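Residue numbers (our numbering), protein chains in the order written: chain A, 1 to 641; chain B, 1 to 474.
Treat the hints as calculated values from the structure; they're not laboratory data. Accuracy of the hints is not assured; some may be wrong.
Unchecked claim - Using 25 Å as the maximum straight-line C-alpha spacing, the simulated DSS-like pairs for lysine-lysine come out as follows:
#1 A:577 - A:112
#2 B:126 - B:406
#3 A:224 - A:242
#4 B:349 - A:469
#5 B:101 - B:126
#6 B:214 - B:317
#7 B:317 - B:126
#8 B:185 - A:485
#9 A:610 - B:247
#10 A:268 - B:170
#11 A:190 - B:345
#12 B:412 - B:101
#13 A:452 - A:620
#14 A:485 - B:317
#15 A:573 - A:452
#16 B:317 - B:445
#17 B:247 - A:620
#18 A:485 - B:278
#19 A:485 - B:264
#20 B:170 - A:289
Said to hold, decoys possible - Output of the computed footprint for chain B on chain A, the stretches with three or more beta carbons under 8 Å from beta carbons of chain B:
#21 244 to 253
#22 484 to 493
Stated by the list, open to error - Computed list of chain B residues with no C-beta within reach of chain A, every gap over 12 Å:
#23 96
#24 120
#25 185
#26 348
#27 356
Keep in mind it's a predicted model, so treat the numbers as computed, not measured. Quick reminder that beta carbons are idealized off the backbone N, C-alpha and C, glycines included.
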Amino acid sequence: MDTQSLEDIRTSNSDAANLSVGVDVKESGETTDSRSLRSAAMLAASASAILAACGGGDDSTTDTADGGEDGLLASNRPLSAYFTPRTDQEAARFLQQAQFTSTQEEIAALRKTTFVKWLNAQFNENTLPIGPTLVDIMIGWDIHRDITLQYQYYDLPFMNAHWYRLIDNRFKDQMRQRMALALSEFFVFKVDDVGYYSMPFTAAKHMDILSSGAFSTFDKLLSKITLSYPMGKFLSMLDSRKADGTGQNPDENYAREIMQLFTIGLYKLNINGTPYIDTSSNNPIPTYKQEDITNLARIFTGYIAAKEFHQSIADRDVTFITAPMAKDPSGHDFGPVTFLGQTITGSDMSLRLNQALAILFNHPNVGPFFCRQMIQRLVTSNPSPEYVARVASVFNDNGYGVRGDLKAVWSAILLDYEARAMPTADDKSFGKLREPMVRFVQWARTCDFTSKLGTWKLDAREIGQSPLKAQSVFNFFRPEYSPPKTSIASTVDPANTRDPAKPYNPQTPNADLRKRLCAPEFQISNEIGVMKYVNFMTQAIYRAVPCYDPTSHFFGESGYGYHDDDLHARYTKQIAKATDATTLANHLNLVFAAGQISPTRLQIVIDALKISNTSSAAEKLDQIRAAVLMVMNYPEYLVQK
Amino acid sequence: MDNAKQELIDQERRRFIRHGAQVGFAATAMPMALNLMAIGEAAAQTQSEDYKALVCISLDGGNDYANTLITYDEPNYNLYYNARPQIAIPRDQLGATVLNKVLPNNRRYALHPSMPGIASLLNSGKAAVLLNVGPLIRPYDPMNYTEPGRLFSHADQVNFWQSMGVDGEKSSGWGGRLADSYFKKMNVNPGNTSDFTCVAIDSHGIFLVGDQVKRPFPQPSDAIYTVNPLTVDSEFYRPEVMAAFTKIWELNLNDSARQHLFEKEYNRTMKRAHISSKTLGDAITNSTLSTPFPDDLGHKLKRVAQIIAARQTLGVKRQVFMVVHGGFDLHSDFSNPFAVLNHEKLLGKLDSAVKAFYDATVELGIASNVVTFTISEFGRTLTSNGDGTDHGWGNHHFIIGDAVNKKTYYGKVPSVDLADDTWHIGQGRMIPTTSVDQYAATLGKWFGGLTDIQLQAILPNLKNFGTGNYPQFL
Chain A
1 MDTQSLEDIR
11 TSNSDAANLS
21 VGVDVKESGE
31 TTDSRSLRSA
41 AMLAASASAI
51 LAACGGGDDS
61 TTDTADGGED
71 GLLASNRPLS
81 AYFTPRTDQE
91 AARFLQQAQF
101 TSTQEEIAAL
111 RKTTFVKWLN
121 AQFNENTLPI
131 GPTLVDIMIG
141 WDIHRDITLQ
151 YQYYDLPFMN
161 AHWYRLIDNR
171 FKDQMRQRMA
181 LALSEFFVFK
191 VDDVGYYSMP
201 FTAAKHMDIL
211 SSGAFSTFDK
221 LLSKITLSYP
231 MGKFLSMLDS
241 RKADGTGQNP
251 DENYAREIMQ
261 LFTIGLYKLN
271 INGTPYIDTS
281 SNNPIPTYKQ
291 EDITNLARIF
301 TGYIAAKEFH
311 QSIADRDVTF
321 ITAPMAKDPS
331 GHDFGPVTFL
341 GQTITGSDMS
351 LRLNQALAIL
361 FNHPNVGPFF
371 CRQMIQRLVT
381 SNPSPEYVAR
391 VASVFNDNGY
401 GVRGDLKAVW
411 SAILLDYEAR
421 AMPTADDKSF
431 GKLREPMVRF
441 VQWARTCDFT
451 SKLGTWKLDA
461 REIGQSPLKA
471 QSVFNFFRPE
481 YSPPKTSIAS
491 TVDPANTRDP
501 AKPYNPQTPN
511 ADLRKRLCAP
521 EFQISNEIGV
531 MKYVNFMTQA
541 IYRAVPCYDP
551 TSHFFGESGY
561 GYHDDDLHAR
571 YTKQIAKATD
581 ATTLANHLNL
591 VFAAGQISPT
601 RLQIVIDALK
611 ISNTSSAAEK
621 LDQIRAAVLM
631 VMNYPEYLVQ
641 K
Chain B
1 MDNAKQELID
11 QERRRFIRHG
21 AQVGFAATAM
31 PMALNLMAIG
41 EAAAQTQSED
51 YKALVCISLD
61 GGNDYANTLI
71 TYDEPNYNLY
81 YNARPQIAIP
91 RDQLGATVLN
101 KVLPNNRRYA
111 LHPSMPGIAS
121 LLNSGKAAVL
131 LNVGPLIRPY
141 DPMNYTEPGR
151 LFSHADQVNF
161 WQSMGVDGEK
171 SSGWGGRLAD
181 SYFKKMNVNP
191 GNTSDFTCVA
201 IDSHGIFLVG
211 DQVKRPFPQP
221 SDAIYTVNPL
231 TVDSEFYRPE
241 VMAAFTKIWE
251 LNLNDSARQH
261 LFEKEYNRTM
271 KRAHISSKTL
281 GDAITNSTLS
291 TPFPDDLGHK
301 LKRVAQIIAA
311 RQTLGVKRQV
321 FMVVHGGFDL
331 HSDFSNPFAV
341 LNHEKLLGKL
351 DSAVKAFYDA
361 TVELGIASNV
371 VTFTISEFGR
381 TLTSNGDGTD
391 HGWGNHHFII
401 GDAVNKKTYY
411 GKVPSVDLAD
421 DTWHIGQGRM
431 IPTTSVDQYA
441 ATLGKWFGGL
451 TDIQLQAILP
461 NLKNFGTGNY
471 PQFL
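Starting from the given sequences, assemble the full structure and let the hints guide the process.
Pasting the structure below:
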């Protein structure tokens, strides 16, 4: 066992546990909100589990009582960290928050251990080797030698490599990939914006930085991203030069977005993620002004590609993309720079950059700003302020004085009782709409999808959401998006009403942002979005995922079509379950929806299926397809709770 | 990959994502003589037709004003050039797009050389420019100033332009509120036509959200979608799935045991998609339009024209459309010929698409019933950062259609002299002299015949600019 990381999690959550107990007791006396009631119930349940664990009597919890941890109760180890999933549904639900799939094997393995041990195994590179990088996959596919693919077909090789990396069941580091995908919606990079001559490797490098850094620390990740060619190219820090007296000024793009989107956001926040209100003006307080951007932009001057790019056929070296940007002191503005009230001086470009990034990283906004969005990506669109505060305090200090420890952040998000408490049937808002790209990977891995030809030339763009293909640096959707004129937008978030001691001025910008429920993923699930998804999945399930292979001429000049013999799901596990309609429906309900499709509704699937023990293999396959299509379009599946 | 090749691939993709063969764009291949007859008839029929449409083109990312409407008279051209020598357009390339109208002090403008279509519309009185318009709470006064949302922030300024509030603040936009005003004025329930009153092409934003029209119906430009497993003539039609979905929808409406708001909303969206897409798709398929359109923005405006052509089938008398033309956030690669999109390519696409769309309204006989206009979250700096510009504030915008008045320029002509700091807030970021509310008021008065009081109810800051004080481009 990796005791170091176990230690990390245990200690890092101590503040959160303190906070949660205090808040919970107070709240349960004050409100009938179902979420706090659930929290209270959870607390009671976990307390008895701990007692059992300490006594060492109960089979289901003996795992957690190893290694002389008796003293931990006193040190306020988070109660939920002791949890072992009690049912298959609980295990599936955890797995679907932590990674893409929850297959029966994965559920069984998780039920033999604890959530904490499972997480530690994911964090441990010795027990769970990291798969190849996307850059290496593409080099293995000789993309760097293929001038046509590298330069002319946009991001196609990247999409192929990334789907392959996410889908092929031989790659086991699913949690890392899932977290990288969540990070890609915070540190947004848009592949379409970087110039076609460098798209595939630029996108691949960005994803590689996120997946290799997903279990490191926020500041290391921020520094790598800032100095990377992909981000330099996308947000134009690359080749930005100091003012030269002819009217040319430093590029402000990265300086603006690193503050607005990658670190501190627009307004000062409380640790629970709500805007901090200036009591004298009754307004939220902006975190920075235009002059902060103009000044910070000067720090980001003087960075160029590590290697000159030649668009000649002879030069297929991609290190100009994969290496960090190089310093060009002649382009750097060495004057003193003041931003966010601090001044950076000195003549070492790297030191100046590090100081600037440290000012941003140490801003108190980063924890709540980042953690709230990660909770939204993984668990629920409307986390309670207390949940945000618990995770953000772990971000601020993992218990060892380390700030920004991402392993501790993921653990705090997934082990929190708000994530672990099973949703009640009358909870109207807990959870999130699953993202189309996440559903696709879940389907593909669960149903044993493969490229029989081994070329992985799939094109899944028609599902309506593809990694690194957001509309802009503002991601596919805004964190506070609420579909207008719906019952979601008109509902006040019960767990998130404001402190009445701090009255809100309705004239103030953003006044009502956190008061009503939000559902960010609905921003890409309008009428067109939902049709794209159901149509894409129908064809993927019944026929194949479309192939885009402009180099083979198999599909004529367009290169787009369906292979009869490639890019199929094989439904290996499902065929074994297809003995009768009820068994199949229950199986799919568990592995896709964590058992959250209610019996009445599941019965509709069962009634629609004509499968029986005597059905032929072809009949069974057809019934499996119909069942998968129905389950994957059920609202009870689509909303992960 | 060249455009033609990409187009081929897109066509092939569209062929696959459509269901069956029900999409008949081939209907446009009508013999020329018949076409001309049809045009004549349509024109005669619609002379007095009670139909009006607003078509909003959003130049997403913040368009660069200085290289779009270029100061042409020599002293001001020189100021412009000296402010951005790296990216200034050489004056000798502006001959074909110079605008005829001469302003006081001999000020003149030319459009970017890639915009001959809009230049000719402006010179023939079919279009107008609104100079230096942008978000303002009240006329700019540094001593009494309230920031209109977060200036220079994309998401917030996009939302201010569309709703006069920052990201997430308002629950409706002025496009949707104008559509509402029509139903209110006529005292009719929008009923089923509500789905086709506000239509968003490949875009989603708050602009078209109203109270009565609720939410815009989205339409893709590249295909007609229906829910394949639920559509009888689709090769993927699955009766058992259709039956299950119908049950689910019924259950969802009547089941008090499960009330998850997200589940209900997803259901509602699916159901609306299933029903209204079919109606709209059929109407589009049966409509006739022969004007050729370019790709990209052209496809989107073609879809608008097709829906307008089907207006009688759809039973609509007022429509508001929104299309997005994105990619203007050019901090770099502003003039890089290797970039997928540079400023010249973007403006060229805008120009050819707008011209084609205008021609289509002439073909449909409703050129005076349709007003097209541009918005953009902000203008940009006059100075450059090498091969790009940074976020600004005020911007110039275009209004196109036969209903437009013939003065060419509306609003106040701004300076380009950086040494004079009264017109900009640094680096040539223009302080708007006309507000978004005023711009919207002119459009709203034309569209809905609204009074000042009615306009003030829709446009929250309008009252701060004086009664009836808005540009007279319509």
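Hint by hint, here is what the structure shows:
no.: 1; hint: A:577 - A:112; result: 23 Å, holds
no.: 2; hint: B:126 - B:406; result: 7 Å, holds
no.: 3; hint: A:224 - A:242; result: 22 Å, holds
no.: 4; hint: B:349 - A:469; result: 22 Å, holds
no.: 5; hint: B:101 - B:126; result: 13 Å, holds
no.: 6; hint: B:214 - B:317; result: 17 Å, holds
no.: 7; hint: B:317 - B:126; result: 23 Å, holds
no.: 8; hint: B:185 - A:485; result: 21 Å, holds
no.: 9; hint: A:610 - B:247; result: 17 Å, holds
no.: 10; hint: A:268 - B:170; result: 21 Å, holds
no.: 11; hint: A:190 - B:345; result: 19 Å, holds
no.: 12; hint: B:412 - B:101; result: 15 Å, holds
no.: 13; hint: A:452 - A:620; result: 22 Å, holds
no.: 14; hint: A:485 - B:317; result: 23 Å, holds
no.: 15; hint: A:573 - A:452; result: 18 Å, holds
no.: 16; hint: B:317 - B:445; result: 16 Å, holds
no.: 17; hint: B:247 - A:620; result: 24 Å, holds
no.: 18; hint: A:485 - B:278; result: 23 Å, holds
no.: 19; hint: A:485 - B:264; result: 13 Å, holds
no.: 20; hint: B:170 - A:289; result: 24 Å, holds
no.: 21; hint: 244 to 253; result: holds (count 8)
no.: 22; hint: 484 to 493; result: holds (count 7)
no.: 23; hint: 96; result: 27 Å, holds
no.: 24; hint: 120; result: 32 Å, holds
no.: 25; hint: 185; result: 20 Å, holds
no.: 26; hint: 348; result: 18 Å, holds
no.: 27; hint: 356; result: 23 Å, holds
Consistency note: the structure conflicts with none of the earlier hints.
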